[in-house]
Amino acid sequence: VKLTYATTLVLHALSAGERHGFDILDATDLPSGTVYPILRRLEREGLVVANWEDVAIARAEQRPARRYYLLTAAGEGVFEAARTRFRVPRAVVSKARRLRPQESS
Amino acid sequence: MTPRWALWLALRVVRIVAMLVPAAGRGEWLQEWEAELVYQSAHLRDRRQPTWRTSMDLVTRALGALPDAAWLRRQCTLDAEAVHDTVHVVRLLRKAPAFAGIALFVLALGIGATTAMVSIADTLFMRPLPFADAGRIMTLWQVNRATGLGREDVAPGNALDWMARARVFDAVAIAEPRTVDAYVEGREPELLGGARVSDRFFAIFAAPMALGRAFVPAEYQPGGPRAVILSHRFWTARFAADAGIVGTALRLDADAFTIVGVMGAGFELRPFDNRFPEPEPMVWLAKQGVQPFEPTLRGRGYWNVFGRLAPGVSVARAQAELGTISAQLARERPGTNANVVAEVVPLRDHLAGGLGAILPFLLAAAALLLTVACANVANLLLARGVARAREFAVRQALGASRSRLIRQLLVESLLLSAAGAALGLGVAGGILRVIAGLRPIDAARVDAIPIDARGAVIVCVVALAAAVAAGLAPALQLTRPAVIAALRAGGRSVRRGVPGLLVAAEVAAAVVLAVGAGLLMRSFQRIQQVNPGFRPADVAALQVFLSDRQDTREKRLAFFQEALERIRSVPGVTDAGTVSTLPFGLGSLDIRLPLAIAGRPVVPGDAGLVYTTVVGGDYFRAMGIPLVRGRLVDVTDTASSPQVVVVSRRAAETLWPGADPIGSKVRTRFAGVAYDAEVVGIVGEVRHDGLDRPARAEVFIPSGQANFGMMTFVVRMAPGVAPPVQALKERVWAVDPLQTFYATSTLEQLMSRSLMGRRFILVLMGGFALVTLALAAAGVYGVTSFSTAQRTREFGVRMALGAGRRDILGLVVGEGLRLAGLGIVAGLALALALAPMLHRFLFDVGATDPVTLVLVAIGLLLIAVAACYVPARRALRVQPVEALRFD
Chain A
1 VKLTYATTLV LHALSAGERH GFDILDATDL PSGTVYPILR RLEREGLVVA
51 NWEDVAIARA EQRPARRYYL LTAAGEGVFE AARTRFRVPR AVVSKARRLR
101 PQESS
Chain B
1 MTPRWALWLA LRVVRIVAML VPAAGRGEWL QEWEAELVYQ SAHLRDRRQP
51 TWRTSMDLVT RALGALPDAA WLRRQCTLDA EAVHDTVHVV RLLRKAPAFA
101 GIALFVLALG IGATTAMVSI ADTLFMRPLP FADAGRIMTL WQVNRATGLG
151 REDVAPGNAL DWMARARVFD AVAIAEPRTV DAYVEGREPE LLGGARVSDR
201 FFAIFAAPMA LGRAFVPAEY QPGGPRAVIL SHRFWTARFA ADAGIVGTAL
251 RLDADAFTIV GVMGAGFELR PFDNRFPEPE PMVWLAKQGV QPFEPTLRGR
301 GYWNVFGRLA PGVSVARAQA ELGTISAQLA RERPGTNANV VAEVVPLRDH
351 LAGGLGAILP FLLAAAALLL TVACANVANL LLARGVARAR EFAVRQALGA
401 SRSRLIRQLL VESLLLSAAG AALGLGVAGG ILRVIAGLRP IDAARVDAIP
451 IDARGAVIVC VVALAAAVAA GLAPALQLTR PAVIAALRAG GRSVRRGVPG
501 LLVAAEVAAA VVLAVGAGLL MRSFQRIQQV NPGFRPADVA ALQVFLSDRQ
551 DTREKRLAFF QEALERIRSV PGVTDAGTVS TLPFGLGSLD IRLPLAIAGR
601 PVVPGDAGLV YTTVVGGDYF RAMGIPLVRG RLVDVTDTAS SPQVVVVSRR
651 AAETLWPGAD PIGSKVRTRF AGVAYDAEVV GIVGEVRHDG LDRPARAEVF
701 IPSGQANFGM MTFVVRMAPG VAPPVQALKE RVWAVDPLQT FYATSTLEQL
751 MSRSLMGRRF ILVLMGGFAL VTLALAAAGV YGVTSFSTAQ RTREFGVRMA
801 LGAGRRDILG LVVGEGLRLA GLGIVAGLAL ALALAPMLHR FLFDVGATDP
851 VTLVLVAIGL LLIAVAACYV PARRALRVQP VEALRFD
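Chains as they are written, first to last, in the numbering used here: chain A, 1 to 105; chain B, 1 to 887.
Please note that a few of the clues may not be correct.
SDA-like mimics (lysine to any residue), calculated; alpha carbons at most 25 Å apart, straight line [as the list claims (entries may be wrong)]:
hint	chain 1	residue 1	chain 2	residue 2
1	B	95	B	469
2	B	95	A	37
3	B	95	A	5
The set of hints was computed from the structure by calculation and includes no laboratory data.
With the sequences and hints as input, model every part of the structure.
Structure follows, in structure tokens:
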């Protein structure tokens with residue numbers, strides 16, 4: 001897989017625990033037209049797996065079920081490589097972590 | 001929360017984009033995007049204030065679905081490049097919102113206006129009428145060449161002769177207006193416009209009935225059963241489309257009629273010279289034989305005559321035969337028929353009414369607009385192509401193939417014109433709604449004109465072809481190796497000829513339309529300045545036909561006098577009177593009678609007839625008609641006092657040329673009463689038929705000395721007080737609770753109605769002219785600013801060599817004005833050639849009115865100067881040093 005800067009940001013967000021497409025957008029500040037093709041590519045390479053969330057959860061929140069993405073073991077490996085290759089500003093890395101508790105509050 | 005529209009729009013975008021996604025994964029793909037969008041929208045609703053930004057954010061994210069879908073499509077198709085091109089073009093267009101916006105605006109307007117006009121033409125002239133063999137149905141009209149009033153309803157005597165002698169028809173029928181008082185339970189007594197039809201009527205109009213049946217022969221016999229057929233409109237409006245209505249009774253006037261059927265929807269005949277408040281009769285009755293007096297009536301008529309051409313007979317032949325019959329009648333009855341001719345008009349042309357006459361102009365205007373729009377888009381694309389010459393050179397150098405570049409430009413043109421076409425259909429719908437709102441009173445079937453699919457396709461294809469041609473021209477030219485080499489060398493090979501000519505053509509089209517609209521506008525102004533002879537403001541008119549309940553002269557007089565008394569007690573009423581023929585009234589009976597002036601020979605025939613009008617109460621004061629000399633007629637003029645009349649100034653001038661009519665004796669006979677009256681006064685003259693018609697020579701008889709039951713109450717209110725129509729009606733009901741009203745309106749509404757046709761064509765032509773002007777201005781601006789940008793280096797050099805601001809300004813504005821001037825001259829020449837065709841619609845303005853022509857020319861020059869102003873300013877800001885460095 002091509003390890004671009006944007007791909008690295010997406011991997012960062014995934015490893016920080018973001019799972020859903022739009023949450024990754026929030027975490028990375030990248031446009032949707034960039035993030036989704038990256039996710040598709042990562043999925044094709046086997047670096048992430050995609051799945052549907054439990055319908056019961058979605059129903060409880062009265063919305064359609066969302067698709068989530070998880071890093072595979074191979075993905076974790078690539079992420080380590082990417083992290084050394086691109087130095088992502090701390091602020092960007094931590095953004096995802098900071099967002100999380102706020103969102104659940 | 002995120003406003004609902006944002007989510008709606010976002011979901012719509014995603015659903016459209018989903019079509020790009022390979023079918024196998026489409027369902028899941030769509031589900032994922034929808035879930036995310038719904039989630040974000042709900043999420044925002046919970047946490048944040050809704051802002052424009054968060055809403056737009058949602059839509060922007062939805063737009064990101066396009067690259068996603070494109071990526072997926074690339075993975076599974078060989079045609080990846082086309083998708084890539086599309087995505088690329090969308091990206092490029094988003095980067096040039098001004099270009100894309102203007103191009104879309106121009107295309108949408110051009111396509112929309114043209115489609116709307118084509119749809120109208122289709123509805124009026126192509127779509128089959130709801131009658132079997134409708135092409136053979138003719139309407140017959142009576143034209144009196146002496147009065148110049150045009151087509152009129154036919155006098156029974158003439159109609160009967162035509163019908164008896166004509167051989168070209170295999171069926172003829174008449175319809176006669178018949179107003180009836182209808183008493184429907186739970187409603188105010190209501191006067192309905194109805195029609196009595198003769199026995200072949202339903203044979204000619206073989207239209208399916210919505211319910212029930214047509215009349216049977218017995219119902220056409222004198223004294224036969226009383227049967228009524230409801231119009232579809234009346235059935236829906238008053239009986240809520242009750243399917244069980246057939247067979248029940250309806251009280252009309254004093255009699256019970258059996259409802260035997262309901263006309264089919266869309267049976268709109270527009271009969272009777274548009275004298276009904278509604279476009280069609282509300283009830284249809286059977287005409288039970290011809291009245292004994294009817295064959296003798298040959299003056300102004302009230303019948304509609306219809307005929308179905310025998311197989312193989314052409315309209316021209318029918319017209320020729322009716323012409324021969326008219327000539328025979330003129331010889332046989334020179335007194336009444338010397339100037340009367342029969343005119344045969346196909347039903348379809350009759351139904352199109354005034355719209356049919358102006359449609360060619362509107363179509364021409366729409367075609368001009370489409371031409372201008374296409375020229376504009378072509379120019380935009382050409383300019384954009386030239387401006388991107390460098391980009392192409394670079395991309396070719398990097399290995400892009402020529403076909404790929406051309407394809408990309410093609411995609412751009414297609415995308416633009418497709419989007420423009422989509423918007424244009426919306427615009428067309430809007431225009432059609434406006435036209436239905438302006439409803440020209442005398443055109444049938446304009447209420448719901450659907451967009452004509454074939455017309456829309458043709459128009460869109462034209463626009464598409466123009467855009468593609470304009471997009472391809474620079475592509476082919478610019479991607480030629482020689483040009484690229486030239487560009488690489490920094491030279492500029494720009495051909496300004498074609499865009500310049502296109503702009504000149506746009507200006508010319510704008511001139512033609514502006515001259516047309518200008519002439520119409522000046523006519524409209526002139527006609528509004530015409531003094532009708534009365535003051536229409538603050539006046540209400542309630543028209544009543546007395547029923548048989550008021551069967552004696554005394555009862556009628558008492559009814560009107562008591563009603564007038566009660567009307568005067570309504571707060572705000574200053575004067576109230578009655579009149580038999582209201583100027584601009586609907587369904588007024590124009591009564592022309594022979595008038596003998598004592599001591600003069602009687603003028604025989606048509607020329608000796610004078611309009612004779614009955615007035616009561618304070619009619620002249622209520623109308624604001626001035627007394628010129630002598631006295632007005634009033635309540636003291638009764639049946640027992642000496643008979644008197646007043647005459648209008650026009651009558652005084654034409655009937656007593658050079659003499660004083662006051663004191664003169666006249667003799668006439670009105671509604672069974674013989675008059676041997678003295679002229680006691682002269683009042684101002686009044687225009688009755690329209691502001692564009694001459695004032696009438698008219699004789700007024702006091703109602704106290706007349707015996708007439710079809711009068712209109714004329715009520716003047718204190719200035720600024722809106723006429724309380726309902727209160728006025730209630731005063732009349734206090735005298736007779738069963739009295740109905742034919743029409744209740746204000747004089748201003750009635751006058752406005754008489755100008756409807758003119759207003760309609762003015763608004764449409766004006767609209768076209770304005771839009772075309774805007775497009776032409778945009779065209780001049782586009783070409784000037786583009787060539788200014790191209791000539792930056794040249795200006796720099798000139799400035800460096802000592803050219804002043806004035807010189808540069810002259811160069812830029814001069815170029816713009818040269819184009820505009822060329823267009824204006826060509827446009828004026830064209831307008832001079834075409835304007836005489838507008839002759840019919842002009843009033844008191846020549847078709848080559850120099851004021852209009854000069855104003856239009858000056859106006860367009862000013863617009864052109866304004867359009868050059870911005871590019872000129874830009875040119876002046878050029879710094880010689882920078883310009884020379886500029887590459």
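Comparing the hints with the structure gives:
Between the alpha carbons of residue 95 (chain B) and residue 469 (chain B) the distance comes to roughly 23 Å, so the proposed pair stays at or under 25 Å and holds. Distance check on the hinted pair: residue 95 (chain B) and residue 37 (chain A) sit about 21 Å apart at the alpha-carbon level, within 25 Å; holds. The hinted pair formed by residue 95 (chain B) and residue 5 (chain A) meets the criterion: a straight-line CA distance of about 24 Å does not exceed 25 Å.
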